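Visitor: Chains A and B are the protein sequences, given in the same order.
For the first sequence, numbering that gives the first Met the number 0 assigns the number 264 to the last residue and increments by one with no breaks.
For the second sequence, numbering that gives the first Met the number 0 assigns the number 41 to the last residue and increments by one with no breaks.
Take these hints with a grain of salt, some might be off.
Computed list of chain A residues with no C-beta within reach of chain B, every gap over 10 Å [what the hints assert, rightly or not]:
#1 Pro8
#2 Asn20
#3 Ser24
#4 Gly37
#5 Leu62
#6 Met81
#7 Asp115
#8 Pro179
Computed from the model, here is a short list of chain B residues facing chain A with C-beta under 10 Å [claimed, not checked]:
#9 Ile9
#10 Gln13
#11 Leu27
#12 Met28
#13 Ser32
Below are the DSBU-like pairs computed for lysine-lysine, each with C-alpha atoms no more than 35 Å apart in a straight line [what the hints assert, rightly or not]:
#14 A:Lys58 with B:Lys37
#15 A:Lys218 with A:Lys141
#16 B:Lys15 with A:Lys58
#17 A:Lys101 with B:Lys6
Derived from the structure by calculation, the hints contain no laboratory data.
These numbers come from a predicted model, not from an experiment.
We put the CB at the ideal spot given by N, CA and C, even for glycine.
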Amino acid sequence: MTIIQTITPFVEILIIAIMINYLLSFLWNTRSMDLLLGFFAFLLILAISSWLNLPVLRKILILVGNVLAIAVIVIFQPELRMALSKLSLKGRKAREFTEFDKFLDQLANSVYRMSDKRIGALIALENEDSLEEYVQHAVPIKGEFSQELLETIFSPSTPLHDGAVIIRNGTIVAAAVILPLSEDPSQLAKSMGTRHRAGLGLSHMTDSLVIVVSEETGKVSIAREGIMTRGVKIDRFKGVIRSLFNPPTHTSTTNKFNFFEWLKQ
Amino acid sequence: MKSLLIKLFIQNWQRKLISLILAIVIWLMINHSIAITKLETQ
Chain A
0 MTIIQTITPF
10 VEILIIAIMI
20 NYLLSFLWNT
30 RSMDLLLGFF
40 AFLLILAISS
50 WLNLPVLRKI
60 LILVGNVLAI
70 AVIVIFQPEL
80 RMALSKLSLK
90 GRKAREFTEF
100 DKFLDQLANS
110 VYRMSDKRIG
120 ALIALENEDS
130 LEEYVQHAVP
140 IKGEFSQELL
150 ETIFSPSTPL
160 HDGAVIIRNG
170 TIVAAAVILP
180 LSEDPSQLAK
190 SMGTRHRAGL
200 GLSHMTDSLV
210 IVVSEETGKV
220 SIAREGIMTR
230 GVKIDRFKGV
240 IRSLFNPPTH
250 TSTTNKFNFF
260 EWLKQ
Chain B
0 MKSLLIKLFI
10 QNWQRKLISL
20 ILAIVIWLMI
30 NHSIAITKLE
40 TQ
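I would like the entire structure built from these sequences, with the hints used as guidance.
Guide: If you want it as structure tokens, here you go:
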């Protein structure tokens with residue numbers, strides 16, 4: 000019984016520490032942190048006033064604290080909302096999945112809008128093989144992917160429209176990229192120009208996926224592993240990209256410590 | 000095992016230290032007030 004009584008305070012402190020650590024993880028390195036440290040300082044003064052038996056100071060702090068409790072809810076409203084949304088049962092995997100879906104939807108909409116308008120485009124989605132050597136000789140963008148940005152780049156009146164765009168993990172890395180031309184005539188129809196040859200050339204040399212929008216016909220083609228698929232419809236377009244690029248979430252989980260695996264050893 | 004220990008104690012140690020100090024302060028405060036309440040009711 001005495002052992003339990005001795006351990007209880009440590010267990011309680013540990014549980015409280017875990018709870019505070021979890022709450023702090025939402026606010027750490029945000030602009031709210033200074034405010035939170037002020038709140039903790041207030042709490043510390045309150046504790047000291049209790050120990051030193053300063054009743055008036057303690058009463059004042061408690062009265063201010065009551066108002067502060069409401070103020071904290073108002074001030075931290077965005078962080079509290081974020082914290083509650085992070086408690087969602089869907090988990091991180093589901094969030095990553097929706098993020099990728101958002102990117103894919105935007106890319107597909109952008110590509111097919113350019114296809115409707117007969118705007119030529121050449122987009123390389125980087126996979127495991129690095130495209131850095133091509134990026135170095137192009138115009139660096141390093142901008143978060145958006146429909147508007149992609150369509151602006153390929154707008155015929157802009158200086159960047161001639162060449163390819165390289166996308167890496169949802170970021171437009173470079174524009175006006177010069178890609179190597181393919182020498183394989185079997186994959187190229189007569190109607191295909193330099194853009195298609197460049198797309199096929201890159202897919203021969205790397206594992207990246209290249210999207211080509213024809214300026215003449217408006218057809219969308221996908222080049223992968225040296226094979227060009229022409230006239231791809233939007234559903235298939237999304238399916239191909241999803242099958243190739245959606246699994247990044249699995250790679251991050253392999254290195255994690257697994258408690259049950261450790262127990263089995 | 001090593002990765003678990005690193006994750007538990009080294010990653011974000013400043014945050015964990017603040018959490019521990021705060022937990023001790025809160026525990027002492029609450030314990031103190033419980034003790035007072037117990038004394039008053041006796």
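Visitor: Against this structure, judge whether each hint is valid.
Guide: Results for each hint:
Interface exclusion of Pro8 of chain A from chain B breaks down, the closest Cβ pair being 7 Å apart, not more than 10 Å. The beta carbon of Asn20 of chain A is not kept farther than 10 Å from every beta carbon of chain B, the shortest such distance being approximately 4 Å. Not every C-beta of chain B lies more than 10 Å from that of Ser24 of chain A, the closest at about 7 Å, which undercuts listing it as non-interface. The Cβ of Gly37 of chain A sits about 13 Å from the closest Cβ of chain B, beyond the 10 Å cut-off, so the non-interface label holds.
No Cβ of chain B approaches the Cβ of Leu62 of chain A within 10 Å, the least distance being about 16 Å, so the stated non-interface status holds. Under the 10 Å C-beta cut-off, the non-interface status given to Met81 of chain A relative to chain B holds; the minimum distance is some 17 Å. Separation of Asp115 of chain A from chain B is adequate, the least Cβ-Cβ distance of about 49 Å exceeding the 10 Å criterion. Against the 10 Å criterion, Pro179 of chain A stays outside the reach of chain B, whose nearest CB is about 42 Å from its own CB.
Below 10 Å, beta-carbon pairs count as interface contacts, and Ile9 of chain B has none with chain A, the closest being about 14 Å; its hint is therefore violated. Because the beta carbon of Gln13 of chain B sits about 9 Å from the nearest beta carbon in chain A, less than 10 Å, this interface hint is met. At about 7 Å, the closest approach between the beta carbon of Leu27 of chain B and any beta carbon in chain A falls short of 10 Å, and the interface hint on this residue holds. With a least beta-carbon distance of about 5 Å to chain A, the hint placing Met28 of chain B at the interface is held under the 10 Å criterion.
Interface restraint check: Ser32 of chain B against chain A, minimum CB-CB distance 8 Å, threshold 10 Å, status holds. For the given pair, Lys58 of chain A sits about 20 Å from Lys37 of chain B by alpha-carbon distance, which is consistent with the 35 Å threshold. For the given pair, Lys218 of chain A sits about 28 Å from Lys141 of chain A by alpha-carbon distance, which is consistent with the 35 Å threshold. The straight-line distance between the Cα atoms of Lys15 of chain B and Lys58 of chain A is roughly 31 Å, inside the 35 Å bound, and the hint therefore holds.
Annotation: proposed proximity of Lys101 of chain A to Lys6 of chain B holds, straight-line Cα distance about 32 Å (limit 35 Å).
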